[in-house]
Structures are given as C-alpha cells and as structure tokens.
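Participant: Residue numbers (this note's numbering), protein chains in the order written: chain A, 1 to 671; chain G, 1 to 671.
Some hints could be false.
The list makes no distinction among identical chains, and a pair is therefore deemed to hold if it is satisfied within one copy or across any two copies.
As the list claims (entries may be wrong) - Listed next, the in silico SDA-like pairs over lysine to any residue satisfying Cα-Cα at most 20 Å (straight line):
no. : residue 1 : residue 2
1   : K601      : H629
2   : K523      : V655
3   : K177      : T201
4   : K339      : S367
To be clear, the hints were calculated from the coordinates, so they are not data collected in a lab.
Protein chains: 2
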Amino acid sequence: MDGRNLDDLCINTIRTLAMDMVEQAQSGHPGMPMGAATMAYVLWTRFLRHNPADPSWPDRDRFVLSAGHGCALLYALLHLTGYNLPLEQLERFRQWGSLTPGHPERGLVPGVETTTGPLGQGFASGVGMAIAERMLAARFNRPGYELVNHDTYGIVSDGDLMEGISSEAASLAGHLKLGRLTYLYDDNRITIEGSTSLSFTEDVAGRFAAYGWFVQEVNGNDIEQLTRALETARFQHDQPSLIIARTHIAYGSPHKQDSAAAHGAPLGADEVRRTKEALGWPPDSHFWVPPEALAHFRLARECGAEGQRMWEQRLAEYRGAYPELASEWDRRQRGELPKDWEAALPVFGDATAAVSTREASGQVLNSLASLVPELVGGSADLAPSNNTYLKGEGEFSATTPQGRNLHFGVREHAMGAILSGLAAHGGLRPYGGTFLVFSDYMRAAIRLAAMMHLPVVYVFTHDSIGLGEDGPTHQPVEHLAALRAMPNLTVLRLADANETVAAWRWALEHRDGPTALVLSRQKLPVLDRKVYAPASGLERGAYVLTRPAGGEPRLILIATGSEVSLALAVSRELESRGVPVQVVSMPGWELFAAQPPGYQKSVLPDSAAARMSIEAGSSFGWHRWLGTHGEAVALDRFGASAPGEVLLERLGFSVGAIVNRALRLLESTPQ
Amino acid sequence: MDGRNLDDLCINTIRTLAMDMVEQAQSGHPGMPMGAATMAYVLWTRFLRHNPADPSWPDRDRFVLSAGHGCALLYALLHLTGYNLPLEQLERFRQWGSLTPGHPERGLVPGVETTTGPLGQGFASGVGMAIAERMLAARFNRPGYELVNHDTYGIVSDGDLMEGISSEAASLAGHLKLGRLTYLYDDNRITIEGSTSLSFTEDVAGRFAAYGWFVQEVNGNDIEQLTRALETARFQHDQPSLIIARTHIAYGSPHKQDSAAAHGAPLGADEVRRTKEALGWPPDSHFWVPPEALAHFRLARECGAEGQRMWEQRLAEYRGAYPELASEWDRRQRGELPKDWEAALPVFGDATAAVSTREASGQVLNSLASLVPELVGGSADLAPSNNTYLKGEGEFSATTPQGRNLHFGVREHAMGAILSGLAAHGGLRPYGGTFLVFSDYMRAAIRLAAMMHLPVVYVFTHDSIGLGEDGPTHQPVEHLAALRAMPNLTVLRLADANETVAAWRWALEHRDGPTALVLSRQKLPVLDRKVYAPASGLERGAYVLTRPAGGEPRLILIATGSEVSLALAVSRELESRGVPVQVVSMPGWELFAAQPPGYQKSVLPDSAAARMSIEAGSSFGWHRWLGTHGEAVALDRFGASAPGEVLLERLGFSVGAIVNRALRLLESTPQ
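Between the sequences and the hints, there should be enough to build the whole structure, so can you do that?
Facilitator: Now the structure itself:
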C-alpha cells in the first residue's frame, strides 16, 4: 500500500469508527469526527509526542479536544494509537460504566487531558497548560537538560470561538506570546441551528491576528497543507498559532455532509452504509480496523516509548547534575508539599489587631511563597483587593517566565479554566482571585474543575454586604449557596485570621478537588483562642467555639465568616440575660456533612431545640442545620450601596436585632 | 465666555463633581469620570437625544455606562442636564437611601437605562437595546412616520473589552450590522493592577474591525476630534461603531493622573485641592457648579422637550393613519398583553401522548406567536433542542429586521445581557434558551436582570440526568439550587405539558422580574387532570395533586418536574401496600414561599410527619420543606453518560428504590 492510500485508510478508519460508535449508541455527534479526521490524523501521527503506554509522562505534548462533542474522534485516536482503551470500549460508547462517555472525561478515559464539552473550556484550559509548560521550563530547565519541552495542541470549533471565554484566553495567550500553543480550528461552517452565516460571520483570522496570534488558513482535507502549517506553527516561538482548516462536517456522507443534521444525531444505518461505500469501506463492516491502519497508528507506541526513554535518561543525568532541583521536581511530580511546610504558616496571636481575612490570606500566601515554589497564581485584575500577590516572586510574562504572579486581566472565566489547565498539567499548585460576586462569571470553569477533582484554590474576597459602598452589583448574596450546592467543591468561609490559616492548610493538603476560600473585605477581630476553641476545628467543617458556662445550651448560634464575631457578641449579651448559648463556627459545610453522626451531634446537639444561623447571605440551604425550630438570620434580597457597617446594621446584622430575634425564638420554641 | 472656555468649564464641572462625590463618600472611583469627562460632555451636549424631564420617552437615545464604576460621571451628567437628581443626592453619594449608589442602578436612579458595574454587562445589554430599536422600527415605522428612530450610545472601558461577554456581543452586533450602536472606548491604559501592558496588549482596533465594526481612533481630550468621530459614526448605517478615545485616568490630578491609584480610591483632600487649582477651579469649593456651565447643560431640557413634543405629534398623526398599529404600540408601551391572549394557550387533554415539557413549551410559544407580536427570542444555538423557534416569524437579521427569531450563536452570556437590553428598552417580551447546565455561563447576566426586575423568560431545557448520554458535563445537578437561591428570580420546573402552559401564562402575566422555565428533554406523561388537581395550582408554587383515598396521609411526597410522575407511581405502589400518601407538585419554590401559612400548611400539613422530596438534582435547599423527619431523594454527585432511563434507575430514581426508602423512612418516623 502506498503512503497516500495508507493515509486515506487511516483517516477513514477514524471516520468509520466514529460513525459506528454513534450509530451503535444511537446517540452522539458523528459529523465533527468525520470532518476533522484528517487534521487529527496528521497531528497525531506526525507531530504529537506522546506515549500511549504512559499517559502520565510529564513531558508529553498535551492535546485538548475543545470541541468535546466530537469525542468519538478522540476515542478512535486513543484506541488506534494504543492507549488502554480497547475496541470493546468504543463499542460501548455512551453506555453506563464505559470508558467512552458522551464527552471526554479526564480521570475516566486514559489519555484525556481535560474534560470538555461545555464550549470554550478546553480552549482556555489549553492556554493554562501552555503557561504551565513555560513556567516549569523556566524553573527547571538547565543548559543541555530540557526537562520541560513540549507543545500544547488542540482542536477547536466555531462554538468554541463564539464563547467569550475563548476570547479572554486568546487575548491573554497572545499577550503572553505562548509560542508552544497551536490550535486547529475545525472550520466546518455548520452549527446546530444551521449555517454559521446565521450568527457567526466575523473575520476569525483578523480577530486572532489582533490578539497577537500567528494565523494560517488551509484546506482541512489536504494532508500536505496541514503538515506544512503545523510545521510552520512549531517554529513560531513567540506567537500562539491558529490554523484555520476548512472542513466539511460528516465528510463522505452522501446526504448529510455539510448539513446540521449530522451534528448531533446518528447518521442512520442506511446513510452509514452509503458513507462507507463512498469511502471505499466494506459497507456492512462494524468497528472494522484495517490491520495496515492499526499498524501505522500503533507506531505511536514505539516512538512514544523511545521518546520517553530518552527523556528519562535526561532526567537521570539531571538528577546527578542538579540534585536539589531534581529533588524538587520529583516532589512536585508526586504532588507532595515540602517537608515541614506548615512551620512557615503564620500564627495570629490573641493580641493581634483586627485583620480582614483577605489580608490574612495574603499573609499566608507570602509566608509560603519561598518554601512552596509550586504555588503560582494571581487575580482577575484585583490583586491589590484580593491580596493574591506573591511579593518578590515577579510577574509571569513573555520575557519573565520565571515569575509566579499571573495577571489574568479582567477575565474571570478564562482565569478559572486556565487554573484548571495549570493544575491538570501537573507540577503546580495554582490559585486565582476575584470578588466572590464574580464567581458567577467563572462558574462553568469551577464546575469542570470540581468534576475533574483538580486541586485549584479560588480566593474569593469581598464576601458579603460588608464590602459596603460598591453596592448590590458587587455584594454576593446567593453565591455561598450556589457554590455549596456544587458537588466536589469545598467552600470555606473564614471567621478570622487563624481560620484563614487553617483553611489554606486544608486546601493545600487536599488534592482531590477545588477549594473556594471566602474572605472578608472588612477587618475582623482575631478570636482569642485561649478562650475559644482552636481554629484547627475547621478541618471538621464546624466546631464549637464556646459552650455555655453552666449546663446545656438553650440556644445554638451557628455562624460563618464575619458573622462569627457577631454571634459571639450576641451570645455574650444573651448569657448576660441568663440564656445559655453555644456558638458554632461552621466554615465548611461539606466537611461537616462528611463527619460521623456522633461528632455532628456534639456540635449540634438535639437537646437544644432552638438554633439560629447567622450569615450575611441567602438563607437558602440553612434549614438543613436548623431543624424544625430553627431560624436563619440571613439576607434574602439584594444588598444596597452604603458603608458596610451601616448596611449590616440596616439589614439586621446587629447585636440588638439578633438578640431580640433570639429571645422571640426561645419564647416560641417548645422546651 | 467664549465657546472654548465654556466647554472647558462644563468638562471641569463634571470632573470636580466626580472628585467631590468620591471625596465626600470617602469611597468610589474618581479617575474614570475625570478622564472620560470630555467624551461624555461631547456626547451628552452635542449628540444624545433625550428629555431629562421624561426619562421614559420611548424614542430617546439610550446611553449605557458600561464602565459602571465611573458612575459619578453619569450622576454628574444626569444632575447637570436636569434629570430629577438634585445636587443633594450627589452629596449623598454611596450612602444609605440615596439615589446615587456605588454603581448605576436602573429603577433607582432616574435616567439610568441599565444597571452596570459587573464588567461587560452594559456593553452587551446595549447591543440588546440596539436590536430592540431595529426590531421595533421594522414593526412600527411607516413612510413619514418614524416612531422608532434612535441611537444607542455607551462608554466602555478596557475591563469591559477584556470580558468575554463583550466579545460575544460585539461579534453578534457586527454580524447584525447594528449601525445605530456607537461605543466610546475610554482607553486610559490603566487597570486596577497597573498598566494595561500587564495583561491587555491586543490590537483592539483590529479586533473590532474583524467583528465588522467601524473603528476610529481619537484623542479623548480633543472636542473636535470626538465630535467628528461621533458624526462619522452616525452615518455608518450598516456597522456598529467603536471610537477608541485615548484618555488619561484622573485627568488634571498633579500626582495621580495616569496612575492606578486613582482608579478605585478617593484622591485625598490635598490632591483634590491641587487638582482644582490645576483645572482653574476655586480650590476650596465643594460641589460647585458654575452657573454658565449649568445653563449650558440644561439646554438639554429645552431640546429634549422639543424633540419629544415633535415625536408625540408624529405619534398622534400615526394614530390617525395607522390606528391598529398605534393601538398595538400603545398596548405594548403599557406592557399589557392582548385581550383574551390566554384563549390561544394550548390545552393538553388527558388522552395526549407523552410529551416533553420542552416540546410543550415550544407549542405554547407557537400558539401565542401571532397573537403576541412582542414575544421575540431565540437560543444560544440550540433552538431545535430548546424548542424556541417561532415558526413562520422569520429570522431577525441585518436584512430582515422584522424577523422575530434571534440566532444568538453559542454565546449564552451575551444572550443573557441582550435579553435584558431588549426588556429594558421596552416594547418587547424577550425570551432565550439554552440547556439548564449552561445557565452557569450566563449567571452574571441573569443576576442583573433579577436586580433590575426585568421581565425576561429563560427557557432552560435538558433539566436533569434524564437527558442521558451527553453525560455529566451536560447534566445539571446543582443548577436548580443555584438559581432558586437568587433573589427576584422565579424558577419554575414543570411536571407536564399543562404545567408548562400554566408556567408560560404566569411568566407572561408577571412583569416584575425574570422567570426561568426548567424543562425536560425526555417525554413525560400528561397528567390526567380529571384525576389530579388542575395545573393552575402552579400559581401558588406548590399544590396537592392527589390526597390519600381515606383519611390523613402518613407520607407526603413532594416532587418537581419529571419526578412528579415518578412520585405518583411511587404513591400508587405505597397505597397498594396500605400507606396513605399525599403527592405534591412543587414547580415554584419562590411562589410557594410567598403563600400565606394557611395554604402552606394545607399542602404540607404538620400532621404527616414523614415527608420525602423527589428531584433529580442536588438536595441542597430541600430541608426547608422536609422538616426534621424528611428525606430527600436527590442527586448529590455529578451525573454520568448513559441512556437517560438507565441513569435514573442507576442513580436511585426508580419506583422500587424510592418505595423502599419511603418504607424505611416511615419505620423510623415517630407516629
């Protein structure tokens, strides 16, 4: 078989496998894989450096299928090149328990670098991977020892490019001159509603050139054009590359090529048959992989093993030449923190003046900065407010890749996905900050981080109406509830500086999912831990700060964040009136919910029927902890613009108002 | 005083008022208003057609301050041109109860068209206003009678342009050739973290040209250049315009001009004094408005009154010439629906085959389409899945502005803000669709719609794991909780076709805030309303579908959406085992929470201690309705990829599994 025919055979293997997967499942997206098969083939057989036998090889090229609905393409490539994804898995496409879900899932499917499907997320996460590569290269590479030296590739769709998150990420990637990032744009001109001419007629090439990208346009079915373009892109060291490849959705299908009908539904048995005929395929074959094609794809295993072997040899030599760096490399690859890192954490003594938890968070970060070099991050243009800046660690930029402070710009959504990309790449512990209210902008990215169990830390400051004058547009109300409702995300709202230290400690020690730190703008008293229980109680999600002097409590006050000091003041007032009160700080609902019932009951004993929560946010969700006779001191409306203390007072968060509510509650509660 | 000096006097009046407001409040953003004062002055005195005496004149030009943190600029303009915003309000900037909150708030401040502050939202909402103008012009204008003929202007910042939502909206605006839209870009090169060179170095002009905009670049302090650019923009009938105006943040401040320090903090009394000196202002004046400047600004009242008078005369003549259209115009301006519109709503009889609620929603829309011409909308490229298309009503496009179907492209976030712009403009009842899971992408826009009490309808389909194979990236879990937690938003999850009809009816009858309709992908039985209570029970948020045959219930099943039929099946099985069950459909939590306690207790009587909720989503929030002995049948994890029925079964949503849980619950519940 000559090369040309072998190429066609391989490309059509991808196409027919994709058709067969979707047809078998009676569900999925056949058109994209059929149209993008050629570019994927060229990329995966001629450029991508990877080792199917070891998807965790640290210096592999990263591949992101941002158009995640085309996952049949990726599963075909993973199977064909020899990942641990047998053909039977392709036959179980989109079925319960299979390794071939409806969109690519990191952690489930071997070789999938990042979960995609929600459009634009892969585009932006790939930017994060390219940043990670450059950061790690700057840290670890030494002359002759390029430990970190790989590309990030992706296939993106018109839908990806329409999403705002991609614009944010593209602008930042251009600014940062990420020359190791190359995206192939599958320009098939078809969206779900029909032709892209309905809504997407911008000049994509001009737009990306304006972002600072190197743009090429090719015929997406022309192997030579694609090869030349990818080669050219590889030599653009100071610009990310976009290769606009004109393709045809459902290429080869006699009746559905170039039609929206081929986007998200099976072609139908007849049309599959006809397409196979048109492609010169045995029309009645199912999941047929020609041996020559398989052999050609499987060269990836040999090449990959050899590539990794050489890299490992380089690493071994590096260990001899740079033992300290190598030891740091190994530690970071294992995901371990430096020995005794906790010793560097600050302790806020009883005598410390009031300090906002955002400032305490900034102090933690800066205390750890030199000891934990994998800690990198920044803010969506709010570093001075989020206290996210690592002093003395420099800016990450095109010319200073060793810098650890990222300037994301006013781009929360891209920041979220880039943080995921940094974490997914490995070797880094990323964090990113914005105001809590703007977590809304990045929610879709947080969700994917939670789904992928990525250890990202979100630094959400200005966590209530306590922020004051900026007003309701900037005051979170429902955000705590909205974040707490998300699976796999740990939300920690901190009562004082020492809880903030405990929260960072928890977040860095846990690598199984993202953590949202929720921090005050306003100063908060540092609780005297000689009087109150230690802040390490945070690790159990909720803990008793203080019990009544004599006997059982009649009232339990449960508070979080800035309202904990308020609850303590309320309890003092109530105690002075003879009401025994127990005060609970509940920084982390998810952690508390995971405690054994015995501990939960010790914090919230059934005996004290009256419970009151105090949190300057929505009451939504609080009933879980309040029982039948509980009451939420909460904010079930948007805030207002006024100084923070005025707002808190006006909206019911004052000692007097809460004491009165507590007394009324006690009156109405059966003893 | 010559014209040049008068211009300067007016511009410096804006600058000094802004400084004084921020200084008095000891909070706010002085730099932007000082830098953008010249462009705002030129726009507001030479171009903007408005009548300060009547901010609701339907044909006024719209002005959007997308850089909402610069609100002192807008408040100065509103006061100076004669809106009902007296100087004392400027002196109470950012104080409790004032009309001058920390960011502009529609509905609170006379003359504010849309609430801004979260960046990018104003940019995109302005696009919605420009679309509304074009839609209404196409509907109502007749030769010689241009009822609708106004521009939409805005001032946008670097932060606005960095946000992805602006990219989405800009691409769509270019596609739609919105020639009546003109944005001034306040290019001051300063962000909160410092110079824009830290993160924002793209070629903005090239980018907007690529979107199809007409781009000009001017000196933002040059009145003549600004005037010429605005004139030129006005004559670009088939392109939106971006005027990039190079400005200087905190213009005139000797020590803080061009510095990030002037972005979000008062200049300080000394610096204010020095700036006033530098501007030739009495240094110790406070809130001083030179009479000549005031007189010049106040010409807006005369011009505006005259403009409105002429327009009203035109409307009066139009009433004679086109009485039917005029009557529709008046009705739409009043916000009333056509008489007897409900008669057009479909009724799904008992014998109707199972139908998904998304399909029922599409039938409602199409039943109303011809009768309710103000109903306009579309989808973020999911119309065939969201069933949002109005058949026979055409596409809204540059060449067919009479079309009522909007193709938003894969741009959920911009769609959200554009819907708000359409609603804020007046004369239209907009709706927009996407998958429920992607409500995350548009959450920030939904929040502002809720804050503004805008009557937008969101059509969120594919509302649970019931959607099946697309997998966890597409399966909402926490979204119901996250949306229900938001103030002013009504979330309605519909159990069957007739509840869907009732929900649309409710949504269109209520104009005090947005409604989210939550709809199934899968078919659901049409409940036999001869057996079960009528769907009009939706209006009270929750209602008893069926009571036990004899006596009091021992168990209450509370369900929403697709789980209502499941609850009924469970109740039949339990009744057959002798357990008396009451089944409650609870489509709208917010509506139920607003009912009098008597009604609430009739639906959820205290007597039946055991309650169980069934909803294929997060349990978060359900404890409110469950009491101490309640249990939530819910999904507190991400979903998976498999056929919908398989998923529901595997994840616990089957009759057998729930019956068993109910029996165990009854055993452990005290009688």
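Participant: Each hint: holds or not?
Facilitator: To see whether the hints hold, each was checked on the structure:
Taking the closest pair of Cα atoms, K601 and H629 come within 20 Å of each other both inside a single copy (16 Å) and across two copies (16 Å). For the homomeric pair K523 and V655, the shortest alpha-carbon distance inside one copy (17 Å) is at most 20 Å, but the shortest distance between copies (53 Å) is not. Taking the closest pair of Cα atoms, K177 and T201 come within 20 Å of each other only across two copies (11 Å); inside a single copy the shortest separation is 27 Å, beyond that limit. When the C-alpha separation of K339 and S367 is checked against a cutoff of 20 Å, the pair qualifies only within one copy, where the shortest distance is 15 Å, while the shortest distance between copies is 69 Å.
Comparing the model with each numbered hint stated earlier shows that all of them hold.
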